[in-house]
Amino acid sequence: MSALLLALLLVPLVGAAVCGALATREDLDRAGRIVGLAFAAVSLVLVVVVWSQFATGPGTPRFQFALSVDWIPAFGTRFALGLDGIALTMIALLAVLVPVVLAFAFTEKLPPGRTGAGFTALILATQGVLVGVFAATDVFLFYVLFEAMLIPMYFVIGRFGGPRRQYAAVKFFLYSFLGGLIMLASVIGLFVASDTRLGEGTFDWTALQGMAAQLPLSTQIWLFLGFFAAFAIKAPLVPFHTWLPDAGAEAPIAGGIILLGLLDKVGTFGFLRYTLPLFPAASQELAPLVLTLAVIGVLYGSLLAAAQTDLKRFVAYTSIAHFGFIALGIFAFSSQSMVGSSLYMVNHGISTAMLFLVVGLLIRRGGTSAMTEYGGVGRVAPLLAGMFLIAGLSTISLPGTNSFISEFLVLLGAFPREPVFSVIATVGIVFAALYMLWVIQRTMTGPLRGAAVVGDGPGAASAATFGGSGGDTGSDADESWMRRTTARFGDLTRGEVAVLTPLVALVLVLGFFPGPVLEVLDPTVSATLSEVGVADPVTPNGVPR
Amino acid sequence: MTGPLAPAFPTVDYGALAPVLIVLGAACLAVLLEALLPMRVRGRVQLSLTLVAVVAALLAVIVRATSGAPAVSTLAGAIAVDGPALFLWGTLLALAVPSVLLLADRSVEPGGAFLADPVALGEAEAEQRAREKAGVGARSGSSGSSGRAGGSSGGRLTGRGGQPVEGHTEIYALVLFALGGMLVFCASDDLLTMFVALEVLSLPLYLLCGLARRRRLMSQESAVKYFLLGAFSSAFFLYGLALLYGYADSVKLTDISLAAAGSLRPDSLLFGGLALLVVGLMFKASVGPFHTWTPDVYQGAPTSVTAFMAACTKVAAFGAILRVFTVAFGSTVWEWRGVLWVVAIVSMVIGAVLGLTQTDVKRMIAYSSVAHAGFLLLGAMAITPAGLSATLFYLLAYGFTTVALFGLVSLVRGPDGEATHLSAWAGLGKRSPVVAAAVTFLMLALAGIPLTSGFTAKFAVFSAALADGMTPLVIVALVVSAVAAFFYLRLIVLMYFSEPAADGPTVSVPGPFTTVAITLGVVVTLLLGVVPTAVLGWADGLSFLG
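Chains as they are written, first to last, in the UniProt record's numbering: chain L, 1 to 545; chain V, 1 to 546.
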């Protein structure tokens with residue numbers, strides 16, 4: 001059993017090593033990409049096997065597939081892995097997104113001197129380390145991997161990103177590293193506290209959970225703040241968010257998906273796994289602060305998203321708004337809202353990945369991420385525009401798409417305990433519709449316009465008059481120009497549709513049948529809630545007490 | 001014991017002192033060989049002798065440490081061979097192996113990094129260019145006259161047939177003496193022996209700094225600067241020693257501790273003496289604000305000497321600091337620690353902030369060493385078993401990382417010697433992926449990223465400090481770590497994310513010596529990060545005698 005989990009951790013890492021070796025030879029580049037995709041596929045198969053063996057009935061242990069070997073006895077740390085429902089869903093999301101991302105990057109043009117195999121290696125390394133982050137049940141191991149995951153992502157942004165990639169990569173690294181170091185202070189504090197209280201220093205999650213909950217409130221608050229700083233930067237909550245738009249905008253599309261869709265989930269995952277169970281009293285004491293930040297994030301992220309003119313930054317800001325919802329659900333301490341948040345983490349990963357991919361496909365054609373350069377794309381590339389619409393509607397949680405269930409659960413669960421915050425956050429839904437539909441209207445619908453679509457060739461002049469007149473295509477000249485633009489801009493190819501299909505399927509399937517995922521998440525959320533020691537404000541049949 | 005007038009010859013535990021005796025004996029032999037052997041074979045013989053001596057001494061340490069022999073104080077209580085001393089000796093000798101290999105390298109710089117003739121001022125033009133590049137115009141006023149003298153007597157770099165002349169061979173004797181001094185320094189149980197050891201270790205280092213084949217003026221300037229400031233700090237140490245003798249009526253560390261524990265003598269002598277003593281020790285350990293020599297000397301000295309100095313001097317100095325704090329002043333720790341809080345903070349902040357502004361790799365590493373000295377001080381100030389073992393581990397980890405890093409720095413070369421300006425490192429990742437990857441790894445280790453020895457060491461030191469009630473200092477240290485990470489990252493950014501300059505430097509293919517030294521450093525850095533158990537286990541549970 002536990003060997004499966006270890007394989008899940010090692011397969012991507014071995015794949016990264018193999019691809020890294022292949023990346024040194026230019027002529028083996030293609031082979032490297034294919035090998036990387038094969039490793040990602042193996043991971044996906046492993047996840048399916050693990051999922052099918054994951055027990056959800058009553059009385060299951062807190063961590064399944066557990067594995068624990070001595071690592072550094074002097075620090076009382078062990079190499080301990082285990083899966084709970086939330087970790088499993090995150091690892092599953094990872095295993096789904098990585099092959100999609102690698103398949104997308106297969107045909108992506110890279111900056112000069114960079115190899116696709118090298119890129120594949122970095123993505124697989126991130127995947128491996130992330131599996132470890134989600135599966136670690138030893139706080140020291142978690143910290144080690146939490147910091148280690150920065151390194152491959154730093155190189156993904158710095159080597160394969162946009163024009164300001166150096167700045168973005170360093171900013172990303174330093175923000176996260178600083179957060180990590182503050183967390184390190186708390187990790188050491190926990191260790192020292194366990195040394196005095198339990199007689200020997202330990203990092204075992206279960207032992208620490210029992211010990212830390214007994215600490216006096218003031219100590220808990222300090223230790224909480226250390227962990228919170230790291231996770232709030234990673235998630236990111238609003239005052240700590242400024243690195244995300246830069247990193248998101250400069251990262252290559254495939255890297256951005258991993259960054260926004262998965263790496264940032266470590267923050268909200270950390271809230272659920274570490275801050276809440278380890279410091280229950282502090283979590284309750286400081287919940288109003290976190291909720292305030294969360295709601296500010298929802299509104300601020302939505303408003304700023306509406307004001308963006310760069311498509312990638314736009315996606316990054318929508319994510320900030322969504323992270324606000326997730327944090328709201330977590331710190332509302334009800335089973336519905338927490339299940340909603342856990343599910344939201346999965347759904348946000350899927351819809352953001354899809355939105356980012358579509359944006360990437362748009363940029364692949366238009367060569368720029370500036371919104372103002374696009375207009376009426378739906379006329380020349382109806383499939384692309386349709387995909388954008390699906391991704392957009394999933395992002396704004398339209399009923400029938402995956403995100404609706406999770407957002408609804410968050411608000412429903414949060415309302416009985418935190419009516420004010422819930423009501424304010426609901427306003428965010430309206431804003432979401434505003435920013436998303438506005439972007440779709442500006443870029444996808446209406447007459448053809450924008451330099452990226454119609455180009456600045458001979459047809460550009462007529463395009464200007466054409467767009468300006470706003471009339472229908474009438475004359476023969478216009479029709480031939482239309483054909484040329486269509487040929488130049490082009491709709492989705494079969495390969496591109498194939499990359500997007502699994503995501504569309506997930507959006508719809510999870511929109512109608514979230515049951516299997518909720519079933520996996522439920523026991524873990526109940527366990528977390530009982531560790532916090534708060535009575536669930538909602539009765540099992542959903543009626544407020 | 002005979003009468004009071006007859007000299008009492010102290011008992012000597014030769015077995016315990018074997019490592020010191022081997023190193024110092026080899027040093028004396030090396031001086032003789034220097035005089036007697038013909039020029040041709042001298043280099044090879046001296047190198048073999050040095051390596052054999054260092055390895056033999058290391059084996060002696062290992063035999064002693066594993067035999068479970070009790071800690072002894074020998075030579076009439078002048079030297080204590082206890083657990084920490086053996087660990088420090090092992091560390092010093094283990095670090096000496098890669099350092100000597102770097103010193104002996106002839107593959108990167110034809111003829112070696114040292115000049116054959118100490119009077120010669122080789123390659124005046126290269127020097128001129130280097131000076132202009134380094135932008136030391138302000139300093140050229142003092143060195144300009146010697147620069148002109150160098151121009152007239154220069155050009156002695158090449159011997160017959162255009163082959164570069166074999167450099168100094170007395171460097172081996174000098175290194176052995178310095179190493180012997182370091183071994184005694186961190187094991188001496190009385191302040192007078194410690195002072196003599198301080199001089200024995202310092203004087204050869206002053207000389208070594210001035211022997212660079214390239215950039216003669218910078219090298220000589222660094223030697224003079226190091227010597228003058230070093231002499232000054234020795235004076236501080238001596239003055240402190242005198243005050244403490246006045247206080248305790250003895251120079252023995254244990255006597256000072258006893259006197260401090262139960263006496264009504266004026267504290268001003270005790271703490272005045274401690275303050276002056278600490279200044280001398282902090283200078284050697286390049287703890288800020290006593291660090292001002294560090295960047296200049298690190299930059300000017302031949303890189304292999306810098307490697308030896310950066311790694312081994314730090315170990316020896318912190319070994320002595322640990323011993324003095326624990327044995328002599330452990331009983332009064334609460335009265336003086338407040339001052340050292342300030343010193344530690346100043347050192348960490350100076351190292352990290354000034355490191356940000358550096359444009360020269362060697363100077364950057366120098367400032368990073370100042371910041372690391374601050375971290376080390378955190379562990380040394382916690383007079384607890386955990387603090388001791390954490391500091392010892394940190395020294396070992398830091399030493400290997402630094403030696404390997406300087407070894408790599410010596411490989412990146414321009415037309416006039418090493419290209420240490422940051423801009424020269426742009427795009428190194430493309431041109432020479434292996435070197436760039438190794439540098440990146442070591443930089444991450446210095447930054448304290450997990451899975452490197454730097455993280456394990458920092459974790460150990462910070463947890464010891466936190467357990468001893470130094471929470472604010474630990475928080476400062478963590479913030480400083482984040483600041484310092486910026487300049488480590490900057491080098492990585494340059495190497496990987498920038499395009500190489502058209503006339504950029506070349507990366508030499510290292511010979512076997514340098515390769516071995518660098519590989520050793522990188523492997524130890526990795527192993528201590530992933531499986532540090534064995535070394536941590538050794539460091540754990542050691543205690544000073546007395």
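FYI, nobody ran anything at the bench for these hints, they're computed from the structure.
It cannot be assumed that every hint is accurate.
[To be verified] Think about it this way: if two alpha-carbon atoms lie no more than 25 Å apart in a straight line, the pair counts; the simulated SDA-like pairs of lysine to any residue are: (1) V:430 <-> L:308; (2) L:109 <-> L:310; (3) V:225 <-> V:249; (4) V:430 <-> V:414; (5) L:109 <-> V:214; (6) V:430 <-> V:516; (7) L:109 <-> V:433; (8) L:171 <-> V:516; (9) L:171 <-> V:415; (10) V:430 <-> L:31; (11) V:430 <-> V:534; (12) V:430 <-> L:310; (13) L:171 <-> V:225; (14) L:109 <-> L:363; (15) V:430 <-> V:440; (16) V:225 <-> V:261; (17) L:171 <-> L:308; (18) L:171 <-> V:511; (19) V:430 <-> L:490; (20) V:430 <-> L:25; (21) L:109 <-> L:490; (22) V:225 <-> L:166; (23) V:430 <-> L:34; (24) L:171 <-> V:199; (25) V:225 <-> V:214.
These numbers were taken from a predicted model, which means no experiment stands behind them.
Outcome of the hint check:
no.: 1; hint: V:430 <-> L:308; result: violated, 36 Å
no.: 2; hint: L:109 <-> L:310; result: holds, 20 Å
no.: 3; hint: V:225 <-> V:249; result: violated, 35 Å
no.: 4; hint: V:430 <-> V:414; result: holds, 17 Å
no.: 5; hint: L:109 <-> V:214; result: violated, 46 Å
no.: 6; hint: V:430 <-> V:516; result: holds, 23 Å
no.: 7; hint: L:109 <-> V:433; result: holds, 23 Å
no.: 8; hint: L:171 <-> V:516; result: violated, 36 Å
no.: 9; hint: L:171 <-> V:415; result: violated, 35 Å
no.: 10; hint: V:430 <-> L:31; result: holds, 21 Å
no.: 11; hint: V:430 <-> V:534; result: violated, 37 Å
no.: 12; hint: V:430 <-> L:310; result: violated, 31 Å
no.: 13; hint: L:171 <-> V:225; result: violated, 38 Å
no.: 14; hint: L:109 <-> L:363; result: holds, 11 Å
no.: 15; hint: V:430 <-> V:440; result: holds, 13 Å
no.: 16; hint: V:225 <-> V:261; result: violated, 40 Å
no.: 17; hint: L:171 <-> L:308; result: holds, 20 Å
no.: 18; hint: L:171 <-> V:511; result: violated, 38 Å
no.: 19; hint: V:430 <-> L:490; result: violated, 36 Å
no.: 20; hint: V:430 <-> L:25; result: holds, 13 Å
no.: 21; hint: L:109 <-> L:490; result: holds, 17 Å
no.: 22; hint: V:225 <-> L:166; result: violated, 38 Å
no.: 23; hint: V:430 <-> L:34; result: holds, 23 Å
no.: 24; hint: L:171 <-> V:199; result: violated, 46 Å
no.: 25; hint: V:225 <-> V:214; result: holds, 18 Å
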